[in-house]
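Protein chains: 2
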Amino acid sequence: MTLTNIRIVLINTSHPGNIGATARAMKTMGLAELYLVNPALFPHVRADEMASGALDVLGKAVVTDHLDDAISDCGLVMGASARSRTIPWPHLTPRQCAEKAILESSQTKIAILFGREQSGLTNEELHRCHFHVEIPSNPAYRSLNVAAAVQVIAYELYVGSLTPSTSVWDYDYAAAQDVEGFYIHLERILVALSFLKPEAPRQLMTRLRRLFNRARLDVMEVNILRGILNAIEKKM
Amino acid sequence: MTLTNIRIVLINTSHPGNIGATARAMKTMGLAELYLVNPALFPHVRADEMASGALDVLGKAVVTDHLDDAISDCGLVMGASARSRTIPWPHLTPRQCAEKAILESSQTKIAILFGREQSGLTNEELHRCHFHVEIPSNPAYRSLNVAAAVQVIAYELYVGSLTPSTSVWDYDYAAAQDVEGFYIHLERILVALSFLKPEAPRQLMTRLRRLFNRARLDVMEVNILRGILNAIEKKM
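Residue numbers (this note's numbering), protein chains in the order written: chain E, 25 to 260; chain H, 25 to 260.
The following block holds chain E by itself, in its conformation from the complex (with noise of 0.2 Å):
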């Protein structure tokens, strides 16, 4: 399971119930782990009664006093954030985040932070992160509830998950220069075939390349075609 090693981080929770429907959102989505620093009111019968079936997330959860207990193991760092701050930061969205926290799993332990209720993270704790992540939202009310918003990061890790990892490709994509040289070329063959005619060249060309930007074309790809047209070439 490439979940196992991807930790959400509570911080400074002030309404149990909140921590409660987080294991709740996190279970439904296959994450186990759970960090709570210094939640206001933890065990709570509240948190129970919103965790429904998730019980087992919540008594696995670790409290700790400081935000560097919760992360001190982890590899890759990412907090949710809302607000843009400051000075720039890399940014994710909820998709990228999941993209990227399953990529590195399998190298290191990951944690996600979440932060306070009316506040979110303080810029101290966003300059913990590697990342930070941007739930998109109406710009006339941006205010997920903490466990909505962990739901919803956890939907697109679980999502991600199940979606096989995009294949290895075997060579590079090829440089934009090297792509332009191919279409150069393409167009001087097409000329000296009469295909193309200059004075009257109409969509042709455009929908030449329309077609080949749509591929990508691989570093092999475009050795391939220029042979192809060094072969027509060296025919006429």
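Don't take every hint at face value.
Which copy is meant is left open, because identical chains are indistinguishable; a pair holds if it fits in one copy or across any two.
Computed cross-link-like contacts, DSSO-like style, restricted to lysine-lysine with a CA-CA straight-line distance of at most 27 Å [to be verified]:
1) K221 - K259
2) K258 - K221
3) K133 - K84
4) K124 - K84
5) K259 - K124
I should point out that these hints are in silico values taken from the structure, not numbers from a laboratory.
No experiment lies behind these values; they were computed from the predicted model shown.
Following the hints, position chain H against chain E.
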């Protein structure tokens, strides 16, 4: 705004807190139209508390006695369902549900139904739906809180509404037999050019197939490519 025609319908909700949390989840994602079919307790102070800054959504919520009154003006009805049913029904992921809703929202009103906390939607209610929507979840614990489920679907709707709709293409996809005809023609020309050696073909045609299949050729592009091959043939 593409989301104004999309309505959330909660059926027989037991806990007023879940109604409030649903209103909040909706507003964070730009949804405003909430219908409540036969809620156990509404209005209720617990709903107001959980709605936080989304009291306006709660205030405009429409309460009905029957599902019919909540969906009668809707041309597309989708229902959240965790269970597989005896009669298979057309099924969508949350992302597919969002794509469909956004695509159709300019033409019709759309309802997305969420059932009871304990038992979800009844079979009869599910049979009123054009599609069922299933949120992927941990097989060992699929029980999302109803407001959390609304949050996930609303998140996909909002993210989908931010994405520019797929640009209209100018030509249809080429039929498989026409693309195959192009490959056969291409191979013949490459042999005639002595670029492809039938006794040592290596991976050449495989690589070219992978390239053009990746791009998904349209009808016009196949015509252009066949035209180029004809022009080469004529020159030789």
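Hints and how they fare:
For a Cα distance limit of 27 Å, the shortest separation of K221 from K259 qualifies both inside one copy, at 20 Å, and across copies, at 16 Å. Taking CA atoms no more than 27 Å apart as the test, K258 paired with K221 passes in both settings, with 21 Å inside one copy and 16 Å between copies. Taking the closest pair of Cα atoms, K133 and K84 come within 27 Å of each other only inside a single copy of the chain (17 Å); across copies the shortest separation is 45 Å, beyond that limit. Taking CA atoms no more than 27 Å apart as the test, K124 paired with K84 passes inside one copy only; the shortest distance there is 26 Å, against 40 Å between copies.
For the homomeric pair K259 and K124, neither the shortest alpha-carbon distance inside one copy (50 Å) nor that between copies (52 Å) is at most 27 Å.
Figure legend: structure checked against the earlier numbered hints; the only hint not met is number 5.
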